[in-house]
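In the order they appear, the protein sequences are chains A and B.
Note that the working numbering gives residue 172 to position 29 of the first sequence, counting from 1, and the numbers run on in steps of one.
Note that the working numbering gives residue 450 to position 117 of the second sequence, counting from 1, and the numbers run on in steps of one.
Keep in mind that the hints were calculated from the coordinates and are not lab data.
Note that CB positions come from ideal geometry on N, CA and C, so glycine has one too.
There may be inaccurate statements among the hints.
Sample of chain B residues facing chain A (criterion: CB under 8 Å; computed from the structure) [stated by the list, open to error]: (1) Cys-373; (2) Asn-374; (3) Gly-379; (4) Leu-387; (5) Arg-394; (6) His-408; (7) Asp-431; (8) Leu-433; (9) Arg-461; (10) Ala-485; (11) Asp-486; (12) Val-487.
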Amino acid sequence: MTVTDARTDAYVDDDRAHHRFRVHRSTMTSPDVFALEIERIFGRCWLYVGHESEIRERGDYVRRPIANRQVFMVRSRSGQVKVFHNTCPHRGATICRKDAGNAKVFQCFYHAWSFDTEGSLVGVPDREAYGDGLDFSALGLRSVARVESYRGFVFACFDPDVVGLVEYLAGAAEYLDLIVDATGDAEIISGTNAYAIDANWKLLAENSIDGYHAVPTHDTYFKYLTALGTSLAGGVAGTATGLGNGHAVLEYRAPWGRPVAKWEPLFGEDAREEIDRLRADLVGRHGEERAARMADTNRNLLIYPNLVVNDIMAITVRTFMPVSAERMEVTAWELAPRDELPELRQRRLDSFLTFLGPGGFATPDDIEALESCQQGFRSGGVEWNDISRGMARDVPQTNDEEQMRAFWRQWASHMAGDL
Amino acid sequence: MITRAEVEDFLYREAELLDDWDLDGWLALWTDDARYVVPCNDAPDGDPSRDLVLIDDNALRLASRVERLNSRKAHREYPHSTTSHQVSNVRLRAMEGDELPVVAEFTVWRFRGERSTTYVGRSTYRLRIVDGELRIRSKRAVLAMGSLRQVADVAIIL
Chain A
144 MTVTDARTDA YVDDDRAHHR FRVHRSTMTS PDVFALEIER IFGRCWLYVG HESEIRERGD
204 YVRRPIANRQ VFMVRSRSGQ VKVFHNTCPH RGATICRKDA GNAKVFQCFY HAWSFDTEGS
264 LVGVPDREAY GDGLDFSALG LRSVARVESY RGFVFACFDP DVVGLVEYLA GAAEYLDLIV
324 DATGDAEIIS GTNAYAIDAN WKLLAENSID GYHAVPTHDT YFKYLTALGT SLAGGVAGTA
384 TGLGNGHAVL EYRAPWGRPV AKWEPLFGED AREEIDRLRA DLVGRHGEER AARMADTNRN
444 LLIYPNLVVN DIMAITVRTF MPVSAERMEV TAWELAPRDE LPELRQRRLD SFLTFLGPGG
504 FATPDDIEAL ESCQQGFRSG GVEWNDISRG MARDVPQTND EEQMRAFWRQ WASHMAGDL
Chain B
334 MITRAEVEDF LYREAELLDD WDLDGWLALW TDDARYVVPC NDAPDGDPSR DLVLIDDNAL
394 RLASRVERLN SRKAHREYPH STTSHQVSNV RLRAMEGDEL PVVAEFTVWR FRGERSTTYV
454 GRSTYRLRIV DGELRIRSKR AVLAMGSLRQ VADVAIIL
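The shape of chain B in the complex, shown without the other chains (with noise of 0.2 Å):
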C-alpha cells in the first residue's frame, strides 16, 4: 500500500531535482519505458499518436532532453533560468495493474533575466515501484492557460 505521504515525497523530490537543474537525478527516477507528454493548449486531450501536441518524449528523447538542457548549447536555457516547481491537490486513483495513478496540480514559476514567467496545470502521472523504489512510468502535463502567449515556450522541464 503506497500512501499519499509517500507520493507527495516522491512528487516534492522531482520538483527539487527540477528546480536544482539535477537533470540526470531527475531522469534516473524514471522507467525505461517513459513517456512524458505535454498536449497543446487547445486541445488538452490531444492524443500524440494522432494530434499535435507540445512535447511526446519516450526515454530517448527525454534522455536527449536532459543531454540538450545540459549542453549549454540549448541557447533558450542557457544560463538556465531560475524555477520553482510548486506541487500540490495531489490525488491518489485506485490502482491499475502495478500502475498508480496520481493527479496534482501544478504552478512552474520561471525566472530568467527581466522576466517573470508562470505556468499553471495539471499533471497526471503514473508512477510503478521498481526496485523498492516510486518511479515515474508516464507524466501529461496539461496546461490550463489558453495559449503560451505569456510564457513563449516550453523550452523547461514542467
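The shape of chain A in the complex, shown without the other chains (with noise of 0.2 Å):
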C-alpha cells in the first residue's frame, strides 16, 4: 500500500529501494497525532473487550475501559454476550458500578431506572408521569456499534461499518486457533494486572513483538534460567511474519519450558511424566507436526491496534490504551486450561511469574525501557527512529523488525484516512 497523503508520508518513510524504514518521532510525542488516533484507529478497528470465561453465567458481568470509553461486557439472560456503553439513556450516569460481578437487573442509582441483561428498559418508577406518547423501548441500554466474539475472545468497534471480525482478524485467526485448540477449555485466571507506563502506546505494541531486545535487556532473566539448568545453546531461532491488516507474530523455539508441553529442569523431574502425557494427548489430537508446534514453539501475537497474545512461557493476553501521547494504561490477564490439574496450574504460574508482570523478572524492565525511549524523544536533535532491520531478507528473522514494520504500514494506512 502507497501512502499518499503528505501528511503521513512525513510520519512513516518506506524506503524498500534502500532498505531503509524509519517513524517520526512526532508519532510518539505530538498530542495532534494522539488525536487522530482515537480517531481513526481506536474509533475503527475492532478493540478486544474481555474473554467469554470471564462471563459464564447469564447475568455475569465485567467492567472494562476501551478507547477511554467505559463499557461493560455481559451474558445476557438469553446467553448472548453483550457489551454496553456504561451511561445511563435517561440522564447520563453510569449503570454498572463494581468491575465485576452477577446481576439480573442494572439499576441506575440516580432516578432507579433499571434495565435487564438484553438492555430493555424494565423499570422506571412513576412511569404514568410521562403519558402515552413517550417510546420506552428507545430507551434501553445502548450497545457499542459492533460485537463479535473470535474462540472466546470478545471484540466490540464503536464504528458500524467496520469489516466482519474474522474477516478483520485475517492471517492472525490462525494464530488464536492454534492457541485455544492448545489450551482446550480456555479461562482467564482470576488476577489483574493493571498498570501504567509513561510511555507512547506504540512503543509497547513493538516491544511486545521486539525479538531483538530480548537478550540484551532481559540478561538477568536468561541468566536465571541458566543458573537453574536450562540451555539456551539452541537460541530462539524463527520467523516474524506480517499477518494482514496490521497484525503480526514472531514464532520461534522455546529455550525455555512450556506447561504445554515442553520440560525443563525448572520444572523438576517429578514433572517430566506429566509433560509427556501431556504431550501424548497433543499428539493425538493435532498430529505429530501441529502438535510439535503448540509444544516447543513460543507466538508472540499483535492483533492490531492493541491486543498482544503472548504463547510463551505461560499465555497472557494484554492489551493497552493511550490515555495521552505520552502515557497508556495497560491490562493484562493470564489464559490456563479450565480445571487444570493443581500441578499443572502451580507450574504454568511460577513460569508466568518468573517473567511475566509488573512483579516478574523481566516487565520491570520492559516498562523502563520504553519510558526510557519516551524521555529519549524529548531530548530531541534526532527526528525518526530506525526500523529497518531484515528488511533486506527474503525471510525476516525474529529478532528483525518485519513484523514492526507491518504495524506501521496499516497505522500510517489508518491516519492517512485510507482504511
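Join these two chains into a complex; the hints should help.
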C-alpha cells in the first residue's frame, strides 16, 4: 500500500529501494497525532474487550475501559455476550459501578431506572408521569455498535461499518486457533495486572513483538534460567511474519519450558512424566506436526492495534490504551486450561511469574525501556526512529523488525484515512 | 513470650535493610522455607497456587530477585530508587505452632528521577524463632490501591 497523504508520508518513511524504514518521532509525542489515532484507529478498529470465560454464567458482567470509554460486557439472560456503553440513556450516570459481578437487573442509582441483561428498560418509577407518547423501548441500554467473538475472545467496534471480525483478524485467526486448540477449555484466571507506562502506546506494540531486545534487556532472566539448568544453546531461532491488517507474529523455538508441553529443569524431575503425557495427548488430538508447533514454539502475537497474546512461558493476554501521547494504561491477564490439575497450574503460574507481570523478572525492565525511549524523544536532536532491521532479507528473522513494519504500514494507512 | 516491641524492632530492622539496599542482609532475615507473596490488586485473597498474583517467591526465587536487584542489570531499579519503608499498626496474633502471625500496615515511598510513588497496604507475616533470632517464614503484602496505574510496577521489594 502506498501512502499518499503528505502528512502521513511525513510520519512513516518506507524506502524499500534502500532497505530503510523510518518512523518520525512526532508519532510518539504529538497530541495532534494522539487525537487523530483516537478517531481513526481506536474509533474504527475492532478492540479486545474481554474473554467469554469471564462471564460464564448468565448475568455475569465485567466492566472495561476501551479506547478511554467505559463499557461493560455481560452474559445476557438468553446467553448472548453483550457489550453496553456504561451510561444511563436517561440522564447519563454510569450503570455498572463494580468491576465484576452477577446481576439480573442493572439499576441506575440516580433515578432508579432499571434494565435487564438484554439491555431493555424494565423499570421506570412513576412511569405514568410520562404519558403515552414516549417510546420506552428506545430507551434501553445502548450496545457498542459492533460486538463479535472469536474462539472466546470478545471484541467490540465503535464503527458500525467495520468489516466482520474474522475478516479483520485475517492471518491472526489461525494463531488464535493454535493457542486455543492447544489450551482446550481456556479461561482467564483470577488476578489482573493493571498498570501504566509513561510512554506512547505504540512503543508497547513494538516491544511485545520485538525479538531483538530480548537478550540485551532481559539478561537477568536468561541468567536465572541458566542457573537453574536450562540450556540456551539452541537460541531463539524463528520467523517474524506480517499477518495482514497490521497484525503480526513472532514464532520461534522456546529456550524455556512451556506448560504445554515442553519440560525444563525448572519444572522439576517429577514433572517429566506429566509433561510427556500432555504432549502425547496433544499429538493424539492434533497430529505430530501441529502438536510440536504447539509445544515447542513460542508465539508473540500482535492483533492490531492493541491486543497482544503471548504464548511463551505461559499465555498472557494484554491490552493497552493510550490516555495521552505519552502515557498508556496496560491491562493483562493469564489464560490457562480450565480445571487444570493443581500441580500443572502451579507450574504454569511459576513459569508466568518469573518473567511476566509488573513484579516479574522482565516486565519491569520493559517498562523502563519504553519510558526511557519516551524521555529520549524529549531530548530532541534526532527526528526519526530506524526500524530497518532485516529489510533486505527474504525471510525476516525473529530478531528483525519486519513485524513492526507491518504494524506501522497499517498505522500509516489508517492515519491517512485510507481505511 | 515474644513482645510487640521485639517484633516492631525486627520489622523496623527489615525496613532499614531494604531502604539501605542491603538486600543480602535482608535475605538473611528469612527462613529456608521462605514465601513472599504479593497478590494482584483486584484479587487480594488470591491463592498463588491457583490464581495469578504479582509475586510468589520461594527461597530460590527470593534469592534470584535479590541477585537481580544487586546486578545493575535490573534496569527498572538501576540506579536504585530511594525508598522509605514505614511500618505501623503492628498487631501480634496468637501463636500457631512455632509460628507467630503478625499483621502490620505499610507505606512505602519510592523516589526515582522526577517520579514519586507510594505503595500502601497491609502485610501479614509469619515469624519464627531460629537459633534464638526472629526470622520471616512468610510475608504476604496486600496492596490497598485498586490497581498499579499510579506506581507502574512492583520492581522494588515491599
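Satisfaction of the Asp-431 (chain B) interface hint, Cβ to chain A closer than 8 Å: 26 Å, violated
Chain A contact restraint on Cys-373 (chain B) - CB to CB distance below 8 Å: 4 Å, holds
Closest C-beta approach of Leu-433 (chain B) to chain A relative to 8 Å, hint status: Violated. Min distance 26 Å.
Proposed interface contact between Ala-485 (chain B) and chain A, which counts if any beta carbon pair is under 8 Å: 6 Å, holds
Chain A contact restraint on Asn-374 (chain B) - CB to CB distance below 8 Å: 6 Å, holds
Agreement of hint Gly-379 (chain B) with chain A interface, Cβ distance less than 8 Å: 5 Å, holds
Evaluation of the interface hint that places Arg-461 (chain B) against chain A, nearest CB under 8 Å: 24 Å, violated
Val-487 (chain B) as chain A interface residue, shortest Cβ-Cβ below 8 Å: 4 Å, holds
Closest C-beta approach of Asp-486 (chain B) to chain A relative to 8 Å, hint status: 4 Å, holds
Status of the His-408 (chain B) interface restraint (C-beta, 8 Å, chain A): 4 Å, holds
Hint status (Cβ of Leu-387 (chain B) to nearest Cβ of chain A, threshold 8 Å): It holds, given that the least Cβ distance between Leu-387 (chain B) and chain A is near 4 Å, below 8 Å.
Status of the hint placing Arg-394 (chain B) at chain A (closest C-beta pair under 8 Å): 7 Å, holds
Hints 7, 8 and 9 from the earlier list are contradicted by this structure; the remaining hints agree with it.
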